[in-house]
Amino acid sequence: MSIRIDQLPRDKFIMPGTAACPGCPLLIGLRQVMMALNGKMSLVIPAGCSSVIPGMSPATSYGVPTIHVPFASSPAVASGLVSAVRMRGNNGPVVVWAGDGASSDIGFAALSGAAARNEDLIYILADNEAYMNTGIQASGTTPWMAWTTTSPNGKTEERKEMALIMLMHKIPYVATASIAYPLDFIAKVRKASQIRGFKFIHLYAPCPPGLKFDDSYTVKIAQLAVETGIWVLWEYNQGKLTISPPSAMYKDKSKRKPLSEYMKLQGRFSKVGEDAMKIYEAKIDAYWNTILKLSELYK
Amino acid sequence: MADLEFTKYLLSRPAPGSAGATGTWRTYRPVVNQDKCIKCGLCWLYCPEDTIDWLEDKSVRINYDYCKGCGVCAEVCPVKVIDMVKETVV
Ligand SMILES: Cc1ncc(C[n+]2csc(CCOP(=O)(O)OP(=O)(O)O)c2C)c(N)n1
Ligand code: SF4
Ligand code: SF4
Ligand code: SF4
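Chains as they are written, first to last, in my numbering: chain V, 3 to 301; chain G, 102 to 191.
Treat the hints as calculated values from the structure; they're not laboratory data.
Some hints here could point you the wrong way.
What the hints assert, rightly or not - Stretch-level coverage of chain G by chain V, calculated; a stretch enters the list once three of its residues show a Cβ under 8 angstroms from a Cβ in chain V: (1) 131-143; (2) 173-187.
As the list claims (entries may be wrong) - Over 10 angstroms on every C-beta distance to chain V, these chain G residues come out as not near it, computed from the model: (3) Leu105; (4) Glu106; (5) Phe107; (6) Ser119; (7) Arg162.
Note that CB positions come from ideal geometry on N, CA and C, so glycine has one too.
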């Protein structure tokens, strides 16, 4: 099921002139979701940058029906919404688009509950690796050693592996994705929209002001995350777990780019020295081992 | 219908420029060298602001009223034919 760029819809799903910072990864990702579903969807968005980006009432930059809801409530609101639209005979996708703070910390209980009930939703965790809208506080997915305003010397805790946590909810579909690999992400969203039950996609979306890199590097940083192996693209579909094509070659550690190429472009990692870099590489290997073992288990 | 009066405050409708004329934020202007453009569409695909149109003939056109000058388009262009030119003060 390969997708070509020139077959994607060219409709303006996002109206230009938004309130997002220049180079915003969330808009890049949202455009890809809207292209994947051809704008035929309902969006549920909890508090975060994505509630501010659409600008000021009575206008909005979002060209699809969107409901903005309180922080911890998006999986619960979406569960109600999907029940209501199904009762009306509408089979269209209801998509939650939520930040990492909303998903891994503040709204985690509601997310876990909706997954346990296997609600017919597509949940996309748009991960910029901190609470960006309130000024860069560390969240559950902020990586180890990253600077944020609440981790001034680098985060001392480990990141939560949200996709693995969701996999253990035994839902039909779990995947990771990246804004730098739109065709992979779009294919995953389309696949998810064909499956009944709870679908979870963890999208890596690096943010220039929050991670402290140049506005023009948004796609480059996301691409380097995959090429260095720190972000692994994989997919679990109803019993089978596979490494996605853009990540496949990086199973072989020698093919990965040096981690420093990814780190050195981001101000948040400026305090990561050589020793910490070695420990970091070992953590990446350990994650890869887990995913590869799971791919043997879920064959 | 009186009870629906309040919905005008709760319901926003899609329109460009919901955060103003964001083109004024720009310090660098992306300029496409049309002669060398290979019409691949990658700049259109990745532009965060959706300010690039990928036209019928597969050439691209930038809407400078809203382009914020982030430079993502220039960075992703595979043949590097988008120049980021400093805006001059008028
Ligand atoms: C219950 C509650 N607590 C705190 C806030 C303030 N708040 C609004 S957005 C936000 C940060 C959101 O972070 P994240 O979910 O990571 O999304 P991002 O802004 O990074 O996209 C916070 C703390 C709130 N709106 N509601
Ligand atoms: S802080 Fe980051 S995620 Fe939020 S609007 Fe700005 S660029 Fe986008
Ligand atoms: S500079 Fe940024 S906003 Fe302007 S056209 Fe290029 S990618 Fe779009
Ligand atoms: S990315 Fe470069 S080559 Fe491709 S369409 Fe845009 S300007 Fe032309």
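Checklist entry - Are all C-beta atoms of chain V more than 10 angstroms from that of G:Arg162? => result holds, 12 angstroms
Query raised in the report: Once the closest CB in chain V is found, is it more than 10 angstroms from G:Phe107?
Result: holds, 12 angstroms
TODO: Mind verifying the non-interface call on G:Leu105? Its CB should be farther than 10 angstroms from each CB in chain V.
DONE: holds, 15 angstroms
Practice item. Apply the coverage criterion to the stretch 131-143 of chain G and chain V: a residue qualifies when its Cβ sits closer than 8 angstroms to a Cβ of the chain, and three qualifying residues are needed. Key: holds (count 3)
> Checking C-beta pairs, does the stretch 173-187 of chain G have three or more residues closer than 8 angstroms to chain V?
Replying inline: holds (count 5)
Interface exclusion of G:Ser119 relative to chain V, criterion Cβ beyond 10 angstroms
violated, 3 angstroms
Original post:
Is G:Glu106 truly not at the interface, in the sense that its beta carbon sits beyond 10 angstroms from all beta carbons of chain V?
Top reply: holds, 14 angstroms
Against the hints set out earlier in the document, a violation occurs for number 6 only.
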